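Enquirer: According to mature numbering (1 follows the signal peptide of the UniProt record, and there is no 0), the sequence shown holds residues -22 to -1, 1 to 453 in order.
To be clear, the hints were calculated from the coordinates, so they are not data collected in a lab.
No experiment lies behind these values; they were computed from the predicted model shown.
Hints are supplied without guarantee of correctness; some may be wrong.
Claimed, not checked - When the alpha-carbon atoms are kept at most 20 angstroms apart in a straight line, the in silico DMTMM-like pairs for lysine to aspartate or glutamate are as follows:
hint, residue 1, residue 2
1, K347, D335
2, K305, E351
3, K168, E108
4, K100, E156
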Amino acid sequence: SELWSLVWHCVAVVLHVGTNRAAPEGDPPPSAGHPMAEPDWNLLSPQGTLLFLSLALSVFTRESHQCLPQLTESHGVLMVTLKRLLSPGFLACLDGDPEVVPDVVIQVCQLLCFPFALDVDKDTLALIMEAMRLTQIPAQLLQVCACHLPFSFTELPMGLLCQLVVSDTQVIDQVVREAAASEHIVAFLKSVLLSDNVTLTTDLLSLLTHVARACSEHLPFLQRILRDSDVTGQSLSYLLSHQQYLIRARTCNLLGNLLRHSFSPALQNQPGWLEGLLECLSDPEGCVRRAASFAVGNAACHASCPVGTLGRAVPTLTRLLSDPQAKTCCNAALALSNLGQRGAELRDLLIQNRAPDLLLQVTCQDPRKTVREGALEALRALSQHPGIQQVLHRDLGSFGKPDRVVGTRLVPQPATAPGCLSNGTWSISEDGAGIALAHVGCWDILAAHPFAGILAWLLLCSKKVPMNLTGERQS
């Protein structure tokens, strides 16, 4: 209503807010070398400011969908007033009453959190995200947490910052730029990483994971955050063995995304991280095993990761092919495939642990389509190697009985059928119903899904393609 807008304009005038425009993204805040005018406390005291924010929260709660459009206007009075309330210049004016600072920040963050707590359509949410980015809310949240709030009050602002980073990749550049320019912020982030606050640590790990996923140019920033701490000397090893499973899972996911790039300098001075990662493959929590199998698959692509250490993952990865979580099975299959590309020593280890046999079994028998696809992709890459191809050719016949193949129908095929080779090797023949895999004297598999149907072709024609796992987006 007009009254609602009038109230915000009055507060903006008292706080000396310039409502004509939002500061361009990348510009320094006005407080940097240009101190803001102190609010007129005779008209609105710090406690009065808190009461106004409480009123605004009540109105937002009752009329959320009518208030949300104001959050889409980066030049609007509401957004620039919220920006002013989070600014270092304004918070410095509250130093005489330090208990008010956390209350102001928390209530502003609660207002900014409303879009993420409601069922907001995609277009409106995109406009809100753009407005927050243009008013530099993400950068201010980081600065507020590092410089103006007691550590115990940073949970909500950091949670909001993480949500903004996850929701808008353009926010990442703003956050990295702000953090990289301040040793104080870097020190704060390091302290969060090794703190006892599980929520703060998991939010930061999620934020760093999205930074790692976004662009390799941010790796130097990540290196500064992950650099050995004075407390433990081995921050990644500490996090990988943390008593809270969610922290272990988020750390594995961060490693997996770091390893998508060329071997990260952030890992070079972190002894013991690979051993800790391998231990997470056997974690009792499914989300940890899923993230660890993803990270090990990408670690296998890097020559800097020792073959001897990676080889210890093979027995566990073969067991994970039957994990209850489909994504873990797929990650394990592709990790085994990447290990097979590292040399004869690891391929021999795969054969000793029956990895090709188990992958073939999963391809033909697992009821989950995504798992069959992942196993088949792994077989395609592994089968270029003669030793593994020989094992697969030997074992294909064991899947000839009708009751042992999921999702297929079987028909007897005489040795003289078209496409069969007299030397007993596999070939491919087609009819109107699908692709038949022919083997002399054996049952012929006629695929109901295309993957089992093209298995023999993949075994005969595959090429070396190391696979980089992509990981999952976190909320």
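Enquirer: Now look at each hint and say whether the structure bears it out.
Expert: Consistency of the hints with the structure:
A threshold of 20 angstroms between alpha carbons decides the hint, and for K347 with D335 the separation of about 18 angstroms falls inside it, so the pair holds. At most 20 angstroms may separate the alpha-carbon atoms for a hinted pair to count; K305 and E351 meet this at roughly 11 angstroms. Under the criterion of a C-alpha separation no larger than 20 angstroms, the hint pairing K168 with E108 is inconsistent with the structure, at around 28 angstroms. For the given pair, K100 sits about 27 angstroms from E156 by alpha-carbon distance, which is inconsistent with the 20 angstroms threshold.
In summary, the structure is inconsistent with hints 3, 4 from the numbered list given earlier, while agreeing with the others.
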